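*Asks:* Sequence:
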Amino acid sequence: CRSLVDFGASDVAMKEDEISQVDRGALMLPMTAGSIVLAYNLPGVDNLKLSRQVYADIFLGKIKNWNDPQIARDNPGVNLPNLAITVVHRSDGSGTTGVFTKHLSAISTEWQQQVGEGKTVEWPTGLGGAKNDGVAAQIAQNEGAVGYVEYGFAKNANLPTAELENKSGNFIKPTDESASAALGAVELPENLRAFISDPEGENSYPIVTYTWILAYKTYDDPETAKAIEAAIEYGLNEGQEVAPDLGYIPLPTNVRQKVAETAVSISPDSQITIK
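In the numbering used here, the protein residues as written are 21 to 295.
Just so you know, these hints were derived from the structure itself, not from any lab. Bear in mind that the values here come from a model prediction, so they are computed numbers and not experimental data. Where a beta carbon is used, it is the ideal one built from N, C-alpha and C, also for glycine. Be aware that a few hints might be false.
No farther apart than 30 Å at their CA atoms in a straight line, the calculated lysine-lysine pairs in the BS3-like style are these [what the hints assert, rightly or not]:
1) Lys84 to Lys139
2) Lys187 to Lys82
3) Lys84 to Lys151
4) Lys84 to Lys69
Distance windows between CB atoms, simulated [claimed, not checked]:
5) Gln291 to Thr195: 31 to 37 Å
6) Pro209 to Ser40: 14 to 20 Å
7) Gly64 to Val42: 46 to 52 Å
Can you build the whole structure from these sequences, using the hints too?
*Replies:* Take a look at the structure:
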């Protein structure tokens with residue numbers, strides 16, 4: 021069939037069976053990285069800690085009220101309201117959902133067995149919102165709501181985000197530093213596909229993902245191949261400088277170099293320089 025696009029992007033890298041269906045081959049090229057956060061709407065609650073067990077149980081529909089003793093235990097001195105929890109999730113298929121449900125499957129056997137992971141899942145509870153901004157809007161409009169979005173969308177909507185318990189048992193705020201700590205705990209393999217479902221590290225934020233450019237290995241038109249390579253070179257250099265303002269994390273130099281070494285094969289007529 022005829023290709024409709026020259027490249028794409030996703031928070032979830034393609035799997036082997038998906039790659040095998042691409043006649044021209046496919047490259048996964050990490051371009052940035054970001055945290056997936058739990059944003060919430062609780063007037064008067066500026067700081068909220070959620071343990072691994074608690075946030076898994078909230079999305080399973082088992083913890084239904086914000087004044088639940090399990091939430092209160094981790095938030096001494098916080099005036100948690102007697103208010104029903106409204107879970108907000110994606111209504112469309114998404115890489116963000118894929119990353120979040122992969123994480124929940126890693127930390128909760130019950131989630132893994134009852135719901136599992138995927139770009140779309142059968143949610144046990146909650147309201148759906150289309151795309152990240154749709155979820156953010158639903159959270160903003162519903163007092164008592166909590167939902168998962170990319171960090172940048174919570175930031176732009178001025179939504180508070182919960183500190184989440186990581187694998188080491190520490191409650192961690194989503195910051196550039198805590199996300200970078202999570203990336204640093206994972207070795208990027210030769211195929212550039214690293215799934216960070218539950219990162220190690222005392223200071224690692226627990227839900228972090230690379231975002232990949234999905235490109236063909238070969239292009240029929242040499243000019244298209246050169247343009248794709250030029251766009252990748254821009255993303256690996258100047259693009260990294262604007263990442264923090266958009267809520268994303270600049271890639272370490274060694275990762276950018278690895279991506280450049282793979283992407284340079286797209287066009288025999290150009291090179292990629294890492295600045």
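*Asks:* Give a verdict on every hint.
*Replies:* Hints, verified against the model:
no., hint, in the structure
1, Lys84 to Lys139, "holds, 25 Å"
2, Lys187 to Lys82, "holds, 22 Å"
3, Lys84 to Lys151, "holds, 24 Å"
4, Lys84 to Lys69, "holds, 16 Å"
5, Gln291 to Thr195: 31 to 37 Å, "holds, 35 Å"
6, Pro209 to Ser40: 14 to 20 Å, "holds, 18 Å"
7, Gly64 to Val42: 46 to 52 Å, "holds, 51 Å"
Checked against the numbered hints given earlier, the structure satisfies every one of them.
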